[in-house]
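Novice: Spelled out, the chains give:
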Amino acid sequence: MAFQRILFTGVGGQGTLLASRLLGEAVMEEGLPVRVSEVHGMAQRGGVVESTVILGGLEGPIISNGEADILVSFEPLETLRALPKCHEDSWIISNIIPIQTLTVRLGQAEYPDPDRWIDFIKQHFKNTVAFDAESLAKEAGITRAVNIVLLGALAGCGTVPASPERLKRAIKKRIKPEFVEANLKAFELGLAQVSR
Amino acid sequence: MHPLLTDDPGKNMLLLGNEAIVRGALEAGLAVAAAYPGTPSSEIGNNLFQLTKEPEAHLYFEFSTNEKVAMEVAAAASAAGLRSLTCMKHVGMNVASDVLITLAYIGTKGGMVIITADDPSMHSSQNEQDNRYYAKLANLPMLEPSGPQEARDMTKAAFELSEELELPVIIRTTTRTSHVRGPVELGPLPARKQVVGNFERAPGRWVPVPGVARVRHKVLLEQMEKAQKKAESSVFNRIGGSGKTGIVASGVASCYVHDTIMELGCENQVSFLRLGFTYPQPRELLSEFLRSVDKILVVEELESFQEDALKALANELKINVPILGKASGHFSRLYEFDPAMVKNAIADILGYKVQRPKTPDLSRLPKLPMRPPSLCPGCPHRETYNAVKKALDLLGYTPKTIYPTDIGCYTLGLLPPIQMADYLICMGSSVGTSAGFSVATDQKIVSFIGDSTFFHSGISSLVNAVHNEHNFCLVVLDNSTTAMTGHQPNPGIKLRPPGYEKPRVPIEDVVRACGVKVVRKVNPYKKKATIEIFKEVLTNDKLSVVIAEAPCILYYRRVGGKK
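One line per chain: the protein sequences are A and B, in this order.
Position in the first sequence (first residue = 1) + 2 = our numbering.
Position in the second sequence (first residue = 1) + 205 = our numbering.
The set of hints was computed from the structure by calculation and includes no laboratory data.
Ideal Cβ positions, reconstructed from N, Cα and C, are used throughout, including at glycine.
Mixed in with the good hints there might be a few duds.
Covered by chain B, per the in silico footprint, the following chain A stretches (three or more residues, Cβ under 8 Å) [said to hold, decoys possible]:
(1) 22-34
(2) 75-85
Using 20 Å as the maximum straight-line C-alpha spacing, the simulated SDA-like pairs for lysine to any residue come out as follows [as the list claims (entries may be wrong)]:
(3) B/Lys699 to B/Glu267
(4) A/Lys124 to B/Leu573
(5) B/Lys563 to A/Thr130
(6) A/Lys124 to B/Leu570
(7) B/Lys563 to A/Gly33
(8) A/Lys124 to B/Thr564
(9) B/Lys531 to B/Thr450
Can you make the complete structure from the sequences, with help from the hints?
Specialist: Shown next as structure tokens:
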């Protein structure tokens, strides 16, 4: 099994940690080695929340610049911020709906134009999948499931060693029963975003 | 049932390092645990707290008022023959160190494990002290896991080791070992039944008056000699690979070394000594290793703990092998490592050229707006800060006011637009440093402390302020929980987790009992009334305490607003 380093990034409250954990559980159920790192502490207070999933028997839980094989980003500004972690063959899976920052709201900074910079990413990273994950989550009936939509898209790329079925089983196991159906739909909608 | 009580030996669970520690402790028959929360150790206490709700866990756990108290609770339980545990973040060990160092002398009976979680890079801390030095200072055995499976294995082993040596055993994690998930193979849970400890009086053992302490210090040194023999043959210290270049590493740094060896495919060029039982140093094992290689690279985060010990040993044994690491400039004493840093250093000493992945030119990227953490929308602390600022503005004091602050969510008052945090050292420092500023300046002083921090270490400084006639206004931001670390209870809380029946100690009663004459309570959401009260106490040139009482909104929502 190949070495693989996956970076998840988003804003506190978007469910970054849950997405990486679900992937971790699915990979473990495949009987493969996996490490998932989380940074806690500031998560609920609007800061950036990063997590990683490390595969192939690697043990180091963090990712150096240029070494993320896949970036799963829940927010376009955070996608830009994480680009230095990627290399030219990295998969970039990104939501395109911005979450404003406090500094932008206070007029102290400018939010980069999402359309322009998504184009920039596509020009520089050939494996870019950028789409409105929020609308798909709404379509699935659970606005909060942006994380599960993106997890679906990640499964669609076919590079992670956990089958969509395994991932769906992890969702069923980990998510409250009343939300499972909507989350599974969110997963399918994400999966369909990536045509292989 | 709590997932950590899963009784299915051989099953793999994806556990956080901190959860794996709890699982290891349960497998070892933990009976009594106590802690004060602090990132990155918090999930240990949180899980133990949840486990107390499970009758089959037969576990006593408490959130104590601070780390010193928690360590004392665990120490006494151990003296009564029970297996006990305490956990804390690295700076918590400073608070508990008074206990730690003498506890090493009197020793323990039931296995006792002390977990310190360090925070290299200061993800959520005020310093990045290297707590391995506490093992050396107190002269106690220390284990350092590098991942979740080891965290479980070492915790279980630490209880055995502690009981054998009659010494507490330190487990030192870092953020990257506490907060990493990985598959952990479960071992069997012991048949659990309620255990009652029994303390046998032995003043010559447990009461370290000078005559006893002199005897006990000698015992400690003897026990640590036995500990060293254990370290020599410990399964947690192991050598892999074969080659004339030696690498010694511990903790998460050893993961980066492991990965480098796999990625560079240099197993035949390097001998890798992975240390897990890190104090006392296994001198025999290290000597053999020193003799078997041409040079050694020591890979460890923060201070040169192992590097210095290796150099001293090499010097003593007259082994002339270059020992590289911090002093040679291969690594820094600052911050946590990352994989590329370690890879480059190893490649450098092997004379390899590292193939860096090709990266696109990103120089055109604009300056990106930062996303600093901030107080939540609707947070009561924000209202209190605004009211204080308004009152000071109205009184004309604002330009000369000093705002000593403390540790909690409200430290975020440092950032714009609030900017009312001027001086901070440690838990409880708002009160003591207000006293100092009141002696040293004629400036107005308004200091801020949270409810949990007040109980942790604000009270004795407040008594000091009354007695020595210091003059400042202390604002207790009472949000009825320990919010920053994930909503743990404290003695003052009105808003209670379900089933939490412990007696309440109201902050107002404590403040009055400390002898403070001017005590006011405000609801910060009532803006006008709050401003008026601050105007009143700030006009009055006396020591005053204003308790701003309103629950943390996140916590209020979570417990369904039930009081």
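Novice: Check the structure against each numbered hint from earlier and tell me which ones fail, lowest number first.
Specialist: Those not satisfied come down to hint 7.
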